[in-house]
Structure formats: C-alpha cells, structure tokens
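J.: Here's the letter readout for the chains.
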Amino acid sequence: MHKAMAVLQQQKPEVSLEEWERRKEFVSFTEEDAALLRELRPIAESYADEVIDGLYKKFIQFPETKAFFPDEKTLNRVKALQKDYFLGLTRGEYGADYLTNRLFIGRVHQMIKLSPRWYMGAYSIYKQLVFPKVIEASKHDLEKCKRILMALIRLISLDQEIAVTTYIMASELVITRQSEEIVELSTPVMQIWDQVLALPIIGTLDSNRAQTVMDSLLNRIAETGARIAIIDITGVPIVDTGVAQYLIKAVTASRLMGAECIISGIKPHIAEAIVQLGLTLEGIATKPTMADALALAFQHTGLTVSKTKT
Amino acid sequence: MDRIPILKVGNILLVSIRVDMDDITVQNLHDDLCEDIVKKRAQGVLIDISSLDMVDSYIGHMLGTIASTSSILGAVTVVAGMRPAVALTMVELGLTLKNVKTALNIELGIVEINNLIQVQGAT
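From first to last, the protein sequence lines stand for chains A and B. Using my numbering, the first residue of the first sequence is number 1, and each one after it goes up by one. Using my numbering, the first residue of the second sequence is number 1, and each one after it goes up by one.
Where hints are given, some of them may not hold.
In silico BS3-like links for lysine-lysine, alpha-carbon gap of 30 Å or less [stated by the list, open to error]: (1) A/K73 / A/K57; (2) A/K249 / B/K98; (3) A/K267 / B/K39; (4) A/K144 / A/K24; (5) A/K12 / A/K58; (6) B/K98 / A/K287; (7) A/K287 / B/K101; (8) B/K101 / A/K249.
Covered, in the sense of this in silico footprint (three residues per stretch, anywhere, with C-beta under 8 Å from a C-beta of chain A), are these stretches of chain B [claimed, not checked]: (9) 78–84; (10) 103–116.
Rather than coming from a laboratory, the hints here were simulated on the basis of the structure. This one's a predicted model, so the numbers in the text were calculated from it and none came from an experiment. Don't be surprised by glycine CBs; every beta carbon is placed ideally from N, CA and C.
Can you make the complete structure from the sequences, with help from the hints?
T.: Shown next as structure tokens:
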C-alpha cells in the first residue's frame, strides 16, 4: 500500500499549474476569495470535528460508502486525513502545493475504486454541513457572508473538477492501453512453415484494422521472405463489400511483392453472402479451412507431407 | 542523359533500378530492353526495384508495358523486390500490374524466370 502511495505521489500531474490557474480564472477565484477563506480559518477549526463526524455518520449509513471503513482504526485514520483536507480549504494557499495535494487525493480515491457519484455526493454533504455554520458565524454582516459563501463554492467546485479530471484521466489511460493491446492482439502474423505465413483475422474488419493487418502482413513478408500467406477469416463474422475490398487489396499488394495469398476459413453462409453481394474473388485462391490452405501452400512450394508411422 | 544499365546473366537480362527515374529515363529503358532482348536473345527480364521507395503511376504503367512488349518478343518479365510501402501505394493507386509476374527478391526472381521459361518451352 505504501509503495502504491509513493507511486501516486510521483505520478505526472494530470493538471498543470498553468491549467490550474486558468481554471481558477474561469470560476473567478481571486486573491480576495483566498483572503476571505484564510480569515475563515479559526472558525473552520472550531467546527471541523463536528463537520467531519457528521460526514462520516452519513458514510456509515450507506453500505456503498461504509465498505471503505472496515474497522475503527481505518475510520479514525481516514477521519484525520479528512480533517486535514477540510482545513486545507481555509489554509489560504491555493497554488502549486494545493494542486498537488488535491490531485493526490483524487488519485487515491480513484485507486480505491470509490465511484465518482459517491465522491461527488460527499461534496454535497460537506456543503450542507458547512454552509449553515458559516452563515451562523457571519450573519451580522450578510454582504460578507455572501462573499465567503461564494469563495467556498468556487474553491469546492475547483476541487471537484480536479477529482473528476483524475478519474477521467485514469480511465482514458486504461482505454488507450487496452486499445493498443487489442490492435496488437488482433493482427498476429505467424510463420507456420518455411516461406509460409498465416494470418488469422478475428473480429470485425474495419478500415482502421484492415490497414494495420495489411501493414503487418506486408512487412512480415519482407522480413521472412515468405512466398505464401494464408489469410484465415474464420473469425470474421460478416464479410461485406468493404471487407472483400480490403482482402482483395491485401492479396494484390502481397502479389506485387512476390508473395501469393490464400484465403481460408470461408464458411458456407459467408460464401453465399459473397455471391449474393455479387462479389467475385476472382484470381484469389480460396479454401474452406486452414488445413486445405496449408496443403495448397505445400503443393505450391513443392513440399510433400508423408506419414512415417502407420 | 541517364541510362539504366542492363546486365546479361545467362539468358536473363537484369535491370536494377536504383535512382528515381524521370519519364525520359523510363522510355529509354524500355527502348534499350526491347533492343537487347532481340540482340542478345534473352528469354527473361528481371527488374529489381528494391531500392525504390516510391513508384508513381507512370513508372507503374511502364512496368506493365515493358512486360507486354517483352512477352511479344518472347521473353518473360519478373519484377522483384517491391517494398511493402510501395506495394500499398500501388494498390491504392489501382496499379495492380496484373500481367506482370513478381518475386520477393532477385534470387527468387531468377528462380521464377527459369520456371516460367521451362513452362514456355514445354508448351
């Protein structure tokens, strides 16, 4: 856990200091707001414990949030951290350190997989607990009370933005990594025999993927000196005009490089569909299964397979 | 004026294109090849384009023309060593070189030509 924390602390910030300043400008968080909040500090200290207790009373009531506090020890530790967060709101410093701290808090919540809806809800509870206190403390000067509340709203909304940003960035990172993996996984080109490549295509073939498939096929032909490439489309659910077009392109490009292509894995209903669409795979060798295609490849490379045992 | 050298190896004429050719150079190559096929009684033409990282539509078209003319003069043509990127561009341009035989490299190209010559001799 400590190691994970260290990693979170060293992570590249999701929000740059420059952007942070722009965001503050956007919600009109000014030096005056900072000064008002700094002034609020002694009052905040006086009711901090009460607010935190109120907040956790609420957390305990709901199983979704209660799950994060399995025992008394954890609860007390988190409460102490929460108090630090709360007092941070009135520390009067809202620059680089504040941003770093808020980003870290966001990452921790993201890491423990607290869903953002509960996280955002907690901000609402905070407001409900704190605002009456602030109003109570400054009711003698309603104009100033209004300004303090505005300052608080601005700062809390900034905190929320940071939290949401860390969540989104973390998910985006996962999505990017997964899509890279998918592209890699989906286009393996295997050398199954001397001078024979096999390229099983699994899943829908869109233009993006077709391009990747074609690139890796041609490059592998150049690398391995293969003379025959078997493109297996057993795993392609639908063959429409677009897919047929990609296949024809791949076959033609391979032929230009001096390699022959065999398309295998054409299921009966796919064959029917191809004919019904009026597509002709003319001049392209097609075989129902990979085994048939391999046999043809052997024939073309002048190899024979013989049994040594009966 | 640039001319692409044509080497005779056995009964094969070997052309290795190593520079980007302009239209005149391509035309000259075509003329020279036709003359050499007749003069040197060549049975095959092997064009190596492994050094080219770009083939435009004119050169693509000319490769097809060379193959057709050679065929009339009794020689088979094989284009060898096309790079993956070039092959992709050719396909995108719709240049499929349908009547041209291809090979992965010079070595396989020579094998291919000899096969083709044998087939021709048999028929």
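J.: Could you tell me which of the hints above the structure violates, numbers in ascending order?
T.: 3 and 5
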